[in-house]
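One line per chain: the protein sequences are A and B, in this order.
Using the numbering used here, the letters of the first sequence map in sequence onto residues 1 to 411.
Using the numbering used here, the letters of the second sequence map in sequence onto residues 1001 to 1512.
In case anyone wonders, no lab produced these hints; they're calculated from the structure.
Errors might be hidden in some of the hints.
Each pair of labels, with its calculated beta carbon distance range [stated by the list, open to error]:
1. T280(A) - R1212(B): 52 to 58 Å
2. D69(A) - D1197(B): 28 to 34 Å
3. G1207(B) - W77(A): 53 to 59 Å
A few chain B residues that face chain A, going by a derived Cβ cut-off under 7 Å, partial list only [claimed, not checked]:
4. S1018
5. R1021
6. D1027
7. S1176
8. K1244
So the derived list for chain B, only partly shown, Cβ under 8 Å to chain A, looks like this [what the hints assert, rightly or not]:
9. M1024
10. K1025
11. R1028
12. K1114
13. A1167
14. G1303
15. F1304
16. E1307
Because the structure is a prediction, the values reported are computed rather than measured.
Note that beta-carbon positions come from the ideal geometry of N, C-alpha and C, so glycine has one too.
Chain by chain, the residues:
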Amino acid sequence: MQKAAEYWNPGKVSFWTEAGTPMVIDRREGYFLYDMSGKRLIDLHLNGGTYNFGHRHPELVEVLKSGLDYFDMGNHWFPSVARAAFAEQLVNTAPHTKYAIFGAGGAEAVEIALKTARYATKRKKIVSIIKGYHGHSGLSVATGDERFSKIFLADQPDDFLQIPFNDADALESVLKGRDVAAFIIETIPATYGFPMPNDGYLKACQDLCHKYGTKFISDEVQTGLMRTGVMWGWQGYGLKPDIFVCGKGLGGGIYPISACLVTEECGQWLVEDGAAHISTAGGSELGCLVGHHVIEMLQRPEVISNIKFVTEYFAQSMKEMMARHSDFFVGVRQRGVVLGLEFDHPEGAVAVSRALYENGVWAIFSSLDKSVLQFKPGVVLDVDTCQEIIDRFDAAMPRARQILKSGRRVA
Amino acid sequence: MSEHQVFNTPRLEVPDRSLSRARMKVDRAAWASRYFRNFNRKAVLEIAESIAEAGYNRAGEFAELAVSETGYGVVEHKKLKNQLCTYELLNYYRDLDLVTPRVDAARQIIELAKPAGVVFALAPATNPVATVYYKAMLAVLSRNAIVISPHPAAKKTSVLAAQHLAAAAEAAGAPSGLIQCVEEPSIPLVQDIMASDRINVIIATGGTAMVRAAYSSGNPALGVGPGNAVAYVDPSANVAATAKCLVDSKSFDNSVLCTNESVVITLEKNRGNLERALRSAGAHICNEIDTDKLRNYLFGGEGFTLEAIGKSARWIAEQAGVRVSPATKVLVPVVATPGQDDLLFHEKLCPVLTLTAAVDFEQAVTFAKHTTRRGAGHSAAFHGDNSNRLVDFSQKMPVYRVVVNAPCSQGAAGFATHLPPTFTIGTGFAGRSSVGENVGPQHLVHWTRIAYAKDSKVNLESIDLSDVTTSGNPTAEVQSRKSVTEPVDSGVRDELRRLILEELQNLKGDAQ
């Protein structure tokens, strides 16, 4: 801890210490984390779905190990079997797209998406939602909350406009000028605490984009990969985004890779100048191997069925929990295994996160709305662990109540 | 390194997807079980009815597939066996309620059914579809989820049959994943799953090695091993009827049921009669040379010649070089004296029935006992009317089924007798198994017994047990539980409260 504060990141160290969750992760296996003292925590944070299959899933570890006997990152300049196979597989999951462009992380994929939209429209402006979150690189950070951009003087208010979520009229008013390249939105905004899009909102946004010649970009970093019950979140809302990005769980939590899928029209720059965007670490062959296996696993009937069971289980048991703790547990936002739990206190989720931590469960509050707890079970969770999660959740509620009553700021 | 190199090694070894998928199936089954274990009797019977119908409708088609995939048995007979594992099996157990709480007012005990959870079942190549049908039905009737691991030689047919039943179960309201079948079974896979703490019980039907492995896995197991049934033909028997039984039994599905007779023994004085009767029933009685040829063919290699399993008598005769009439249904090698060491006294899952004769009843029983040790705990047959000898024979034989004047194949498996219909014959302590009966759904349920003090006089009938089962549909569960029970409650709840108070007072009284 001391060395971490001294050499690594004093801000993060003191933040978690004050929050009452001073965790240093040691071993990790399945959906379990162990801190340095050996205390076990059930992981419901999963780093936004990075550990969709749990930590170090044996099958994925084996793929990577075996891959290391023959592959390395590869040379991004050249075609490769692994990249071609993975790109084909991804495009097959979204037949209206044509090309898959690889990056090493979600932000890079967003970067590619925004560049692609600018290329395709020859326009510069980008619209995103207030409290949206798309990463921390140059263009992507400019789309997000000012907490992350201003500190580095990376905000670009002239070219990057922000509008309120669930307000199609606001979108129309900024698109009317016909000078917007892209509207980028997380299918369900994660860092904002998973507020659910109103019925028809996303479809209306997509239609507005098409009306005004703007590209519609879905950020599927947290909602893709079966987490909302379908491979990509936009499928569940009847959308066909011009561009969409995915990352996190794509690398199975063991090798970073991200992808940006684009329609044939948007992807013309790949024909004009394929080296216009290059990335040494993007689309590394090892990442492609792992990613390919991740997609294959997600398509298995056993996994699809398991997701349904986990979804149904938490829908029911959260209803019961809410009835039991209705004094401050006031709402559940859920789509598939993506859940946001609403608490009746501006910092309610921070207290709950801490109480859960003390009860052996790790779930993180939403950075941009601390009344909402992000509750993100994995896709292959088994029935006993799910039962245990709810039992521990139930046990943690009185403690959370107590923390909130103690009145002091928790974070 | 040379300037141009060709690599012959594979570039990537993909991990064993089948094992991983099998583990996922077990997890999925655990989810299914979570909901299904609370279903009420009506919902359970609807699902059972649905899989019976589905199974019956495609019994013939799957029989054909099984024979063409494995090469074992006879389509017509397999079809019959498959059909028997649908309605017949369901009807036998229809009135055995393993769901509803049992209330025993006299003994002041309430029993709540607790299903095992996830059943892991092994199915043999010889009866692939019938075993899938049978074990799925057992699981449904006992409210368990089941993952079946078929024999690799019968995997395609088994998977299709299981998927067919699973679809029918789901259509009738079962949670998805209730009936599943491993697509790519292998020994390491089976060992891994058997040892997993995610399964709750194993039903192992198969060879000795597999059954022992099941028992050594650390999980509760219902394992049954091979048989080596002996039929004793008493001089009091009607030889014509007996011969017909024997031939029917040995030719049924080319003898792949482990309950089929391996050896028939009679007394010297009766041997000629029996041989004649067998011959007229369609058996070929071998002379010494033919007997040697058969022994050589069946046991000439290392152990039993596997290709002979489930083949027809004519096919085997041809392989062995024995000339038989085209109508021959069964081959009968004759070993004149009942010595122990003749290989022809071992188990033979093919229509070959060894005939021998003893000087008297005592010698016959001694011989039968020893022969049966190779398939201990299994089955035997008795033909005749002498009930003293029948009881003596049954008392001395280390078997748990003695079929009387009936074909042993069908008799011990419960299709030609009133024994429970089964494809898992419990071989009991004698066969190093935990169960000696024909395995049924009752073996997959344990009961929680709520036992009152001996002198208590609680009115058990008034206790509300409606909450222990649900009407089925998992998604409707929460709603129905709330809406149905709350209004009904008030009266019952008051009554309960009164009872509890009364009881507490009684307890206090006792303590003072």
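Structure-based check of each hint:
The beta-carbon spacing between T280(A) and R1212(B), approximately 56 Å, falls within the hinted interval of 52 to 58 Å. At roughly 32 Å, the beta carbons of D69(A) and D1197(B) sit within the given window of 28 to 34 Å. Between G1207(B) and W77(A) the C-beta distance comes to about 57 Å, which sits within the given range of 53 to 59 Å. A distance limit of 7 Å between C-beta atoms decides the matter here; for S1018(B) the minimum to chain A is near 11 Å, and the interface restraint is violated.
Hint status for R1021(B): holds, given a least beta-carbon distance of 6 Å to chain A, under 7 Å. With a least beta-carbon distance of about 5 Å to chain A, the hint placing D1027(B) at the interface is held under the 7 Å criterion. Here the hint on S1176(B) is kept, as its CB sits about 5 Å from the closest CB of chain A, short of 7 Å. Taking 7 Å as the C-beta cut-off, the interface hint given for K1244(B) is violated, the closest approach to chain A being about 49 Å.
Hint on M1024(B) holds. Least Cβ distance to chain A is approximately 4 Å, under the 8 Å limit. The beta carbon of K1025(B) comes within 6 Å of a beta carbon in chain A, closer than 8 Å, and the hint placing it at the interface holds. Interface hint status for R1028(B): upheld, as the beta-carbon distance to the closest one in chain A is roughly 5 Å, under 8 Å. The interface hint given for K1114(B) is violated, since its Cβ lies 16 Å from the closest Cβ of chain A, which is over the 8 Å cut-off.
With a cut of 8 Å, the hint placing A1167(B) at the interface with chain A is violated, because the nearest CB-to-CB distance is about 12 Å. The interface hint given for G1303(B) is violated, since its Cβ lies 37 Å from the closest Cβ of chain A, which is over the 8 Å cut-off. For F1304(B), the interface hint is violated, the least distance from its beta-carbon to any beta-carbon of chain A being 37 Å, above 8 Å. This hint is violated: E1307(B) has a C-beta 36 Å from the nearest C-beta of chain A, more than the 8 Å allowed.
The structure does not agree with the numbered hints 4, 8, 12, 13, 14, 15 and 16 stated previously, though it agrees with the rest.
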